[in-house]
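**Q** Read off the chains here:
There are 2 protein chains.
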Amino acid sequence: MPKRVDHDERRTEIAEALLRVAGRRGLHAVGMRDVAAEAGVSLRLVQYYFETKEKLLLHGLRQLTERFGERVAAQVRAAGDHPGPRTVIEALLMASLPLDEESRVFHLVYTSYAVLSVTDRALAEQPFIRDPEAAEERLTALLGLAEEAGLTRPGVDARIEAVGLLALSAGLGTSILVGQRSARTAADVLDRHLDRIFRDRGGSSLAERIAQ
Amino acid sequence: MPKRVDHDERRTEIAEALLRVAGRRGLHAVGMRDVAAEAGVSLRLVQYYFETKEKLLLHGLRQLTERFGERVAAQVRAAGDHPGPRTVIEALLMASLPLDEESRVFHLVYTSYAVLSVTDRALAEQPFIRDPEAAEERLTALLGLAEEAGLTRPGVDARIEAVGLLALSAGLGTSILVGQRSARTAADVLDRHLDRIFRDRGGSSLAERIAQ
DNA sequence: ATTTTGATGATACAGCCGTACCAACTTCGT
DNA sequence: ACGAAGTTGGTACGGCTGTATCATCAAAAT
Chain C
271 MPKRVDHDER RTEIAEALLR VAGRRGLHAV GMRDVAAEAG VSLRLVQYYF
321 ETKEKLLLHG LRQLTERFGE RVAAQVRAAG DHPGPRTVIE ALLMASLPLD
371 EESRVFHLVY TSYAVLSVTD RALAEQPFIR DPEAAEERLT ALLGLAEEAG
421 LTRPGVDARI EAVGLLALSA GLGTSILVGQ RSARTAADVL DRHLDRIFRD
471 RGGSSLAERI AQ
Chain H
271 MPKRVDHDER RTEIAEALLR VAGRRGLHAV GMRDVAAEAG VSLRLVQYYF
321 ETKEKLLLHG LRQLTERFGE RVAAQVRAAG DHPGPRTVIE ALLMASLPLD
371 EESRVFHLVY TSYAVLSVTD RALAEQPFIR DPEAAEERLT ALLGLAEEAG
421 LTRPGVDARI EAVGLLALSA GLGTSILVGQ RSARTAADVL DRHLDRIFRD
471 RGGSSLAERI AQ
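The listed protein sequences derive, respectively, from chains C and H.
Count the first sequence with our numbering and you get residues 271 to 482, in order.
Count the second sequence with our numbering and you get residues 271 to 482, in order.
Calculated from the structure, these hints are not laboratory results.
Just so you know, even glycine gets a beta-carbon here, dropped at the ideal spot from N, CA and C.
No incorrect hints appear here.
Partner residues aside, some chain H positions facing chain C, computed with beta carbon under 10 Å:
id : residue
1  : Arg423
2  : Leu436
3  : His463
Based on the sequences and whatever the hints tell you, model everything.
**A** The following block contains the structure:
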């Protein structure tokens, strides 16, 4: 048989090119030809690995969320060996903020997809709308743990707090993305919010940890 | 001179048609021909009143924010004659949530514009990015008033709270938009958050006020 | 009444898009 | 060595887009 090329790897490379272009010029502006040029291959090849543009977009979305999930996991892992619930939650939320270029691209492209999904049925049925659900479950569990350990202030409802924290960090994320807020301000706000959930301030503040 | 047609009125009608189509099929999918058909006029007329598509889009954005501002103002006015700061803030934030069709369209189109503005310089320089600033000022002032009146809990920083509240309601808004949360859940979260800022629960809760 | 100017319509054009087609090349099995 | 199958490139097609052109009509001014 012919050249031994790892199809999955090739697909990953091309999808990566798609995400790069989308991050640079906006998802709405990427064409098949742009992706091909960015990946350094011919237009035909892009068609070969993803028969249609829609499939390419869907694959790109999947790849985007996967990579982001890994990134967040790594950042949480870096938070320490036996971190308290607040530390883990802080790491989780901060990792979701578009503070560096990679994360900025993620937010931009992900939000583009989310907007498209409102008017595109095929996109709306995609599981990427279910990823936040998983995050909610995890956050709720973490808050429940903290509650049992007596770390939270009285009257804290884990699920409601989880939803609020996710919405807050999502809102802060987009406001950073559009250049409305600085990373510093966002960290301050997040810090204050966590102060109202937890009894004790965990270690150093988020704001201090940002060199901005 | 020729037929006395109010140009501004005409422009408003056409821009309204643009927003309707954008709300139905997504901003990325609207073409000049779609707008013309929706407005019941010829393509040429759309070109006549807005020479270029970019100008049409910018006018549509301005119109969108204006209409939304009026809507919010009306909803706040409906909150009562001498409402307390919390009531006003609640009305403000709830009016920003996409609970009915009109507001849903606003959120969708506005978010579309925001996403585009990240990669489009002309859009980024548009003042619609400054509207949230005005909202922040107003919220900060309201919270400051509440603080002076002794209505808030100790340790409340008006500006940080304002930023947090806006980010929270923006995040809740988009999560409602993509069908991830119900209006009820969003109201609950907002309620809880306000409970942590204010000493007393204002009148009835937001959640109770929603028939959902 | 005629000219002038604003308002409207039909149609054409150039460019880009996603996709399809066809030819060529590479590498493996026999 | 030969052919088959996987892989790649060049190019063309149909459709849609925003914009421009040309012509027509209506109404006010002289």
